[in-house]
Amino acid sequence: MAYSDKLIDHFNNPRNLGSMDKGDETVGTGIVGAPECGDVMKLQIKVEGDKIVDAKFKTFGCGSAIASSSLATEWVKGRTLDEAYSIKNTEIVEELALPPVKIHCSVLAEEAIKSAIEDFQSKKNAAAAEG
Amino acid sequence: MSIANELPFQTPVYLDNSSTTRCDPRVVEEMLPYFSDTYGNAHSRSHAYGWGAEKAVDLARERVASLVNCKPSEIIFTSGGTESCNLAIFGAARMYAEKGKHIVTTAVEHRSCMDPCRALEREGFEVTYLPVDTNGLVTAEQVAGAIREDTILVSVIFGNNEVGTIMPAKEIGAVCKDKGVIFHLDACLGLDTETLDVDADGIDLLSMSGHKMYGPQGIGALYVRRRRPRVRLRALNLGGGQERGFRHGTLNVPGIVGMGKAAEICKETRDAEKVRQTALSKRLKDAFFAQMDHLYLNGHPTQRLPGLLNISFNYIEGESLMMGMSTLAVSSGSACTSATLEPSHVMRALGVGEDLVHTSIRFSLGRFTTEAEVDFAAKECLAAAHKLREMSPLYEMVKEGIDLNTIEWKHD
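Going line by line, the protein sequences match chains A and B. Position one of the first sequence corresponds to residue 70 (my numbering), numbered consecutively onward. Position one of the second sequence corresponds to residue 19 (my numbering), numbered consecutively onward.
Don't read these hints as lab results, they were simulated from the structure. Backbone N, C-alpha and C fix where the C-beta goes; we use that ideal spot for every residue, glycine too. Any given hint could turn out to be false.
Covered stretches of chain A, going by a simulated chain B footprint (3 or more residues, C-beta under 8 Å) [stated by the list, open to error]: (1) 104-118; (2) 122-134.
Far from chain A, by Cβ distances over 10 Å, these chain B residues were calculated [as the list claims (entries may be wrong)]: (3) Asp34; (4) Pro43; (5) Lys119; (6) Arg166; (7) Lys188; (8) Asp304; (9) Gly419.
Taking lysine to aspartate or glutamate and the EDC-like style, the derived pairs with C-alpha atoms no more than 20 Å apart in a straight line are [unchecked claim]: (10) A/Lys183 - B/Glu426; (11) B/Lys417 - A/Asp90; (12) A/Lys91 - B/Glu408; (13) B/Lys428 - A/Asp188; (14) B/Lys405 - A/Asp78.
Let the hints inform the model, and build the full structure from the sequences given.
Pasting the structure below:
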């Protein structure tokens with residue numbers, strides 16, 4: 070299977086690889102997928118106001134999954150939460166030219182973004198309820 | 019392949035000999051005249067072209083027979099391992115259906131045996147799929163326990179193509195002899211390093227593949243016992259009556275010549291190759307295990323094909339690892355067909371955890387693999403694996419002391 074240059078570049082030079090402190094209340098963490106399915110993505114965002122100022126990822130999965138999550142971190146940085154929430158998997162498919170059997174990787178990346186945003190918001194809501 | 023010039027070998031380094039082997043140059047040389055010089059039909063009895071082809075086929079048949087210690091007349095040439103296995107299983111089952119409709123096989127067969135068994139179930143046969151232990155073995159006792167009054171065929175894989183475990187063929191053969199049941203051994207892998215003797219091992223049908231023993235692709239052979247007992251098969255096709263009526267169609271003379279030469283070389287070199295490949299694969303395995311944690315060798319630790327290593331690199335997905343080591347030609351360890359992304363039936367049968375299934379890589383060394391290539395492969399693979407471990411959220415969790423089994427994963 071021939072992969073696109075962009076995909077291979079993200080795989081070989083992943084952007085924003087790493088982790089942030091899960092306990093930090095400005096950080097939202099999304100972990101999606103399962104080891105027995107062959108894909109687990111962890112995507113984290115750091116939020117200031119309603120803007121995502123930083124993002125990190127770690128991924129267990131095929132090259133397409135790694136590239137999709139790497140791209141996702143690149144795309145969410147600098148966006149508002151609403152903008153990031155509206156990122157569609159089809160945009161990732163198009164950017165990386167994912168073959169049909171790898172579309173689920175982009176779906177997972179979209180879910181990871183949404184899951185991280187939801188985690189941040191539920192933390193914020195919990196803090197507001199306490200305060 | 020840009021680094022090819024700086025290394026004393028070609029890259030990607032070929033470590034996928036269980037998929038196919040390089041055709042030995044001695045084999046190619048022997049085949050060449052039969053394409054455009056002695057190009058007759060081996061069944062043309064009226065001229066020198068045909069006689070020449072027939073003579074070459076006779077010699078090849080002797081060589082293949084000699085490899086497994088049978089008579090030349092007991093060798094049927096086919097289009098490959100798949101056809102040999104299909105002919106053995108369908109052919110025997112349909113021929114002896116009146117005697118009984120029960121077949122015994124294992125849960126770790128290659129699909130060229132498993133799928134015919136499944137198809138026979140739809141034809142009214144009953145098939146027992148014996149489970150294997152965590153090393154991938156069935157015992158002769160299991161086979162004996164499964165044989166019934168109406169059992170007509172036992173079919174077992176010899177060297178497993180995914181995990182490399184070698185089945186106790188001789189012991190199973192003895193059980194089959196004792197019970198009077200036909201024994202088919204799928205020996206598509208292993209004939210380049212192991213010694214099989216159809217008489218000593220009690221084998222009635224034995225499938226072989228040319229391109230897994232340094233011969234050409236598109237040629238295979240099936241040993242069909244002629245004496246004690248005389249085994250008959252219902253042919254899969256109809257035609258000119260070639261190959262004693264078991265396999266119709268004009269013979270692939272260049273392929274047969276190549277397979278004959280390949281068999282001759284295998285017989286001469288198998289003992290030495292077994293020693294050499296055992297040492298080489300140990301070298302590779304030792305390099306991995308010395309420099310990385312959380313690795314698992316799948317299959318039997320010792321009773322295995324000497325060149326095959328199926329290793330799970332826990333917390334690293336296999337496909338990404340293969341992508342990361344583009345200088346190596348290897349296979350995914352679970353023969354997890356990329357079309358389905360489903361773990362294979364073999365890994366499931368061994369009880370390999372689904373998480374580990376996705377992390378396995380099959381390295382299969384061969385006759386042309388050198389020590390320098392093995393050292394290069396270890397270095398390349400470890401570099402990629404360490405990089406991917408750093409990217410793995412699972413490895414991170416394990417290092418934090420989290421038990422992955424306690425996590426409720428979010429997935430559809």
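Hint-by-hint comparison with the structure:
For the segment 104-118 of chain A, the proposed coverage by chain B is satisfied: 8 residues have a C-beta within less than 8 Å of a C-beta in that chain, meeting the threshold of three. Only residues whose C-beta sits within less than 8 Å of a C-beta in chain B count toward coverage, and the segment 122-134 of chain A has 7 of them, enough to reach three; the restraint holds. The non-interface label for aspartate 34 of chain B is consistent with chain A: the shortest C-beta to C-beta separation is roughly 16 Å, beyond 10 Å. Every CB of chain A is more than 10 Å from the CB of proline 43 of chain B (nearest about 30 Å), matching its label as outside the interface.
The non-interface label for lysine 119 of chain B is consistent with chain A: the shortest C-beta to C-beta separation is roughly 37 Å, beyond 10 Å. Against the 10 Å criterion, arginine 166 of chain B stays outside the reach of chain A, whose nearest CB is about 37 Å from its own CB. For lysine 188 of chain B, the non-interface assignment is confirmed: its Cβ lies about 38 Å from the closest Cβ of chain A, beyond the 10 Å cut-off. Every CB of chain A lies more than 10 Å from the CB of aspartate 304 of chain B, the least distance being 26 Å, so the non-interface label holds.
Every CB of chain A is more than 10 Å from the CB of glycine 419 of chain B (nearest about 14 Å), matching its label as outside the interface. Taking the CA atoms of lysine 183 of chain A and glutamate 426 of chain B, the gap is near 18 Å; set against the 20 Å cutoff, the hint holds. A threshold of 20 Å between alpha carbons decides the hint, and for lysine 417 of chain B with aspartate 90 of chain A the separation of about 15 Å falls inside it, so the pair holds. With a CA separation close to 18 Å, the supplied pair lysine 91 of chain A and glutamate 408 of chain B stays within the 20 Å bound.
Distance hint between lysine 428 of chain B and aspartate 188 of chain A is fulfilled; the C-alpha atoms sit about 13 Å from each other, no more than 20 Å. With a CA separation close to 15 Å, the supplied pair lysine 405 of chain B and aspartate 78 of chain A stays within the 20 Å bound.
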